[in-house]
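Chains as they are written, first to last, in the working numbering: chain Z, 1 to 354; chain H, 1 to 564.
Read the hints as simulated data drawn from the structure, not as lab findings. We put the CB at the ideal spot given by N, CA and C, even for glycine. It cannot be assumed that every hint is accurate.
As the list claims (entries may be wrong) - DEER-style ranges, computed between Cβ atoms:
1. H:Tyr452 to Z:His210: 17 to 27 angstroms
2. H:His92 to Z:Glu242: 37 to 47 angstroms
3. Z:Arg84 to H:Gly250: 37 to 47 angstroms
4. Z:Thr25 to H:Tyr549: 36 to 46 angstroms
Claimed, not checked - Residues from chain Z shown here face chain H by an in silico Cβ test under 8 angstroms; the list is partial:
5. Glu27
6. His31
7. Ser48
8. Gly50
9. Ser54
10. Met99
11. Val101
12. Lys103
13. Gln118
14. Arg133
15. His139
16. Val143
17. Thr146
18. Phe254
19. Ile346
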Amino acid sequence: MSEFTLKLRRYDPESGEPAYWDEHTVELEPHRSVLEAILQARALHDGSIGIRCSCRAAICGSCGVRVNGKPGLACQTHLDKAQRGAPDGVIEVQPMGNMPVIKDLIVDMDAVHWKKIQQVTPWLAPKLPVPEREYLVEHEAMVDVTQSMACIQCGACVSDCLSMEVDPEFVGPAALAKAYRFVGDPRDDRTAERLQELTDDPHGIYDCTHCFKCIDACPKGVAPMSQIMRLRRRAGSDFHIEDPNNGERHERAFVSLVKQYGLLNEAELLPRSYGGDSPLAKFKPAAAKELASSLPAIAKALLRRKVTPQTALRPHKLPASDLKAIRHIYDTVEGRPDRVELNLYISGRDEDLT
Amino acid sequence: MPSHDVLIIGAGLAGQRAALAAAEVGASVAILSKVHPVRSHSVAAAGGMNAAIALDDDWTSHAYDTVKGSDFLGDQDAIEIMCSEAPGEVMHLEHIGVTFYRNETGHLDLRAFGGASKKRTAYVADITGQAILHVLYEQLIRHHATIDRFEEWFVTSLILDDDGGCAGAVARDIRSGDMQIFNAKSVILASGGAGQCYKPTTNALICTADGIAQAYAIGAPLMDMEMVQYHPTTLAENGFLITEGARGEGAHLLNSEGRRFMEDYAPNKMELASRDVVSRAEQTEINEGRGVGADGQGIYLDITVVPRKRVLEALREIVNIGRDFAGTDITREPIVIRPGQHYIMGGVKTDVDGATPVTGLYAAGEVACVSVHGGNRLGANSLLDTLIFGRRAGEHAAKRATDIPPPSAPESRLRADVARIDAIIARERGGRRVSAIKDELGTMMNQKVAVYRDEEGLQEAHETILRLTEESDAAAIDDRGTVFNQDVLGAIELGYLLDCAQATVVAAIERKESRGAQFRTDYPERDDAEWLKHIDLQRDEDGNPEVSYSDVTITQWQPEVRKY
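Generate coordinates for the entire structure from the input sequences, incorporating the hints supplied.
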């Protein structure tokens with residue numbers, strides 16, 4: 001048994017008082033969970049501590065919180081690890097972010113998370129005619145969608161999503177992972193429509209900024225960002241869906257600039273994203289218009305010395321051998337007959353392979 | 001006051017399936033749950049769902065295995081219905097989106113499970129319950145126009161009308177504290193089991209016998225309450241479930257001598273004998289000094305004999321559980337398990353349409369006792385039970401509701417419940433804490449009403465429950481608020497648990513034989529002449545359980561010696 005001190009973020013909506021910190025010390029074995037510690041504090045000291053919880057085994061998804069600022073399940077976070085991660089040894093537990101707090105550690109998931117789930121037509125649209133027995137589909141296809149089926153709707157990814165913080169209308173990591181669960185399902189009849197909707201929506205798949213936060217946050221290995229990237233590859237590469245919000249062209253510009261220069265050439269990125277994937281893009285009206293509208297931002301960047309005129313106009317240069325090595329990566333990846341998609345249930349985590 | 005044709009209490013698999021079936025018949029439906037539906041404990045069902053869908057299988061074989069698994073206490077008419085309707089139900093789930101794993105020809109794959117004479121368990125990795133629950137919830141979202149969802153509402157009482165029929169329920173909106181009457185022509189209880197009577201248990205914190213106690217309180221009979229299943233593989237560390245799918249995929253049980261001891265108890269089925277048999281074997285090994293682990297109270301489950309790729313693909317969840325909760329990589333070393341409370345075969349007595357003897361009141365899923373599980377439930381038959389009898393209850397309750405006017409639900413019940421909650425909140429501090437009483441109950445039940453039982457222990461258990469019930473009436477709480485007052489709900493749940501525990505103990509004292517999950521060391525044999533019958537319990541006028549008996553329905557399988 002060891003002693004652990006918890007600092008809980010409390011909020012009583014009926015008191016008229018702002019949120020405050022509440023400390024409790026509990027005795028538990030170090031490998032026990034933060035949830036067990038909170039429940040012990042509730043059982044022995046203060047029955048009014050509010051937290052949703054049920055299974056205690058990381059399956060029901062009720063106890064999403066932030067421990068030392070990092071979102072996850074309280075029941076899955078070990079006390080010793082949480083203590084090591086706390087600057088002063090006091091484990092800090094707060095409600096999840098990006099969602100309104102109802103009481104103490106309880107947030108309003110209906111207002112954000114479940115509303116977004118409803119946006120992705122979250123049910124199978126079965127191909128017709130429905131067979132008498134099961135649909136015949138490949139074993140791998142069902143194993144593949146299991147990674148997104150494994151989502152327990154805990155909201156940890158929503159809590160930490162940077163894009164949603166900037167754009168609250170972003171469909172978000174959990175709902176888009178759910179969308180992949182249907183797009184990846186060979187029994188679904190709405191693949192093209194689903195991808196079209198998610199592409200057309202200015203808050204859809206191209207609103208994600210690849211920050212990896214949701215992958216870190218997810219307690220079940222769903223890797224929502226990877227599912228979003230798979231949706232993009234299905235939409236752009238497989239269904240050739242034009243993105244009216246320039247997300248797909250922006251991505252292409254990234255890929256071809258890195259292929260050409262070995263590193264990103266920022267000055268070329270914006271014109272190519274809007275004017276097409278060519279050095280002449282900056283002379284296209286669409287690009288010129290976007291460039292003009294971006295002048296204030298560019299001016300600010302120059303003023304704050306984030307870029308200099310020199311670095312902006314002269315691309316980075318890599319040694320020829322490095323550039324060759326980069327091109328080799330492109331040749332290998334693009335030369336494969338089929339796209340390789342990583343999947344937890346098929347290939348496991350890296351540590352599974354050792 | 002919300003008013004519907006059908007009110008469903010509980011939104012796990014049985015409740016959601018009932019809601020969808022009732023809506024399809026054309027009824028207006030309300031589904032109410034004390035947690036968000038996807039948090040329901042059905043989410044934890046791991047291994048799969050039985051159905052005779054293989055071309056060389058037959059539902060009568062499934063039915064016979066179930067009858068034998070029940071130690072001949074299951075009602076065979078109900079078992080025949082469940083097993084014959086199982087293949088259709090699996091296909092229905094497949095069509096609405098459940099991602100059942102496939103075999104190399106693209107058909108549904110089937111895995112082996114305990115007590116089954118064939119591979120007949122359809123599955124999604126080891127998250128089958130989660131997969132089905134989430135797909136049903138997708139359908140609830142889809143059918144939002146006909147199914148009203150009341151998420152995070154807590155039922156405090158069922159309401160009887162003047163004719164003694166069920167007219168609805170009183171419930172509290174957990175978020176606001178608002179109390180309301182839900183008026184309904186038919187009410188379906190689908191609020192799950194009672195695992196929290198025990199500590200440890202595989203069951204979630206929400207499994208607090210709510211429906212069992214609520215139905216019992218209005219005079220509905222309970223049946224088979226003595227039959228409490230101990231699952232053979234729960235984590236020694238904390239009682240979490242390790243799916244039977246592990247043994248289905250080939251894992252071994254080993255004692256301290258490193259021997260597969262099941263050859264002494266069930267030489268044919270070995271680790272895949274029925275759960276009561278395997279749990280008893282483990283407990284015997286432990287009691288005779290061949291246990292493992294620091295305190296010698298465990299048994300090794302060796303999953304390393306299953307190919308690693310297969311474990312990662314089909315048993316991913318228990319890889320996570322081993323890693324997160326036992327610090328063990330189950331693909332590389334055995335994990336220490338022991339038998340632990342998992343399921344109650346008993347519950348509110350119903351017919352094959354889910355109807356209870358109280359007019360207008362139905363029950364389905366773990367809260368109910370049809371009885372398809374009798375003395376012992378087979379693994380992967382519980383998902384099936386929830387879905388088949390959830391659907392049948394939904395259909396029947398909806399059809400019944402089409403022809404009758406809404407009953408009148410007296411306001412007095414609402415006023416009484418509001419007063420009851422106010423009184424709990426206003427209790428003076430000084431009594432024992434709710435958590436302390438609950439802890440003592442669970443620990444005691446796990447010692448005295450477990451795998452092996454005897455008269456002396458059961459009588460002590462009964463006395464303890466009576467004392468705890470008295471103490472619970474004075475147990476003070478801390479939370480004085482209305483928004484998410486989980487403290488006051490905990491106090492109400494404690495009352496439900498104590499009522500249910502009492503029913504379990506009284507029935508266990510009554511049954512003076514050993515059958516299925518009930519093993520009496522003082523009556524170690526099965527006694528068909530005297531005890532091939534159900535024990536029913538009904539609350540008498542003084543609030544005490546009154547025992548009566550009902551016949552076991554036998555259609556085609558006479559009791560025989562049970563060997564695996």
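Evaluation of the provided hints:
1. H:Tyr452 to Z:His210: 17 to 27 angstroms: Cβ of H:Tyr452 to Cβ of Z:His210: about 58 angstroms, so the range 17 to 27 angstroms is violated.
2. H:His92 to Z:Glu242: 37 to 47 angstroms: holds, 39 angstroms
3. Z:Arg84 to H:Gly250: 37 to 47 angstroms: holds, 38 angstroms
4. Z:Thr25 to H:Tyr549: 36 to 46 angstroms: Violated, since Z:Thr25 and H:Tyr549 (Cβ atoms, about 54 angstroms apart) do not stay within the stated range.
5. Glu27: Violated: closest Cβ of chain H sits about 15 angstroms from Z:Glu27, beyond 8 angstroms.
6. His31: holds, 6 angstroms
7. Ser48: Since the shortest Cβ distance to chain H is 4 angstroms, the answer is holds.
8. Gly50: holds, 5 angstroms
9. Ser54: It holds, given that the least Cβ distance between Z:Ser54 and chain H is near 4 angstroms, below 8 angstroms.
10. Met99: Because about 13 angstroms separates Z:Met99 from the closest Cβ in chain H, which is outside the 8 angstroms limit, the hint is violated.
11. Val101: violated, 11 angstroms
12. Lys103: holds, 5 angstroms
13. Gln118: Because about 6 angstroms separates Z:Gln118 from the closest Cβ in chain H, which is inside the 8 angstroms limit, the hint holds.
14. Arg133: This interface hint holds because 6 angstroms falls under the 8 angstroms limit.
15. His139: With Cβ-Cβ at 4 angstroms, under 8 angstroms, it holds.
16. Val143: Holds - the Cβ of Z:Val143 comes within 8 angstroms of chain H, reaching about 6 angstroms at its closest.
17. Thr146: Given a least distance of 5 angstroms, the restraint on Z:Thr146 holds.
18. Phe254: With Cβ-Cβ at 33 angstroms, over 8 angstroms, it is violated.
19. Ile346: Given a least distance of 7 angstroms, the restraint on Z:Ile346 holds.
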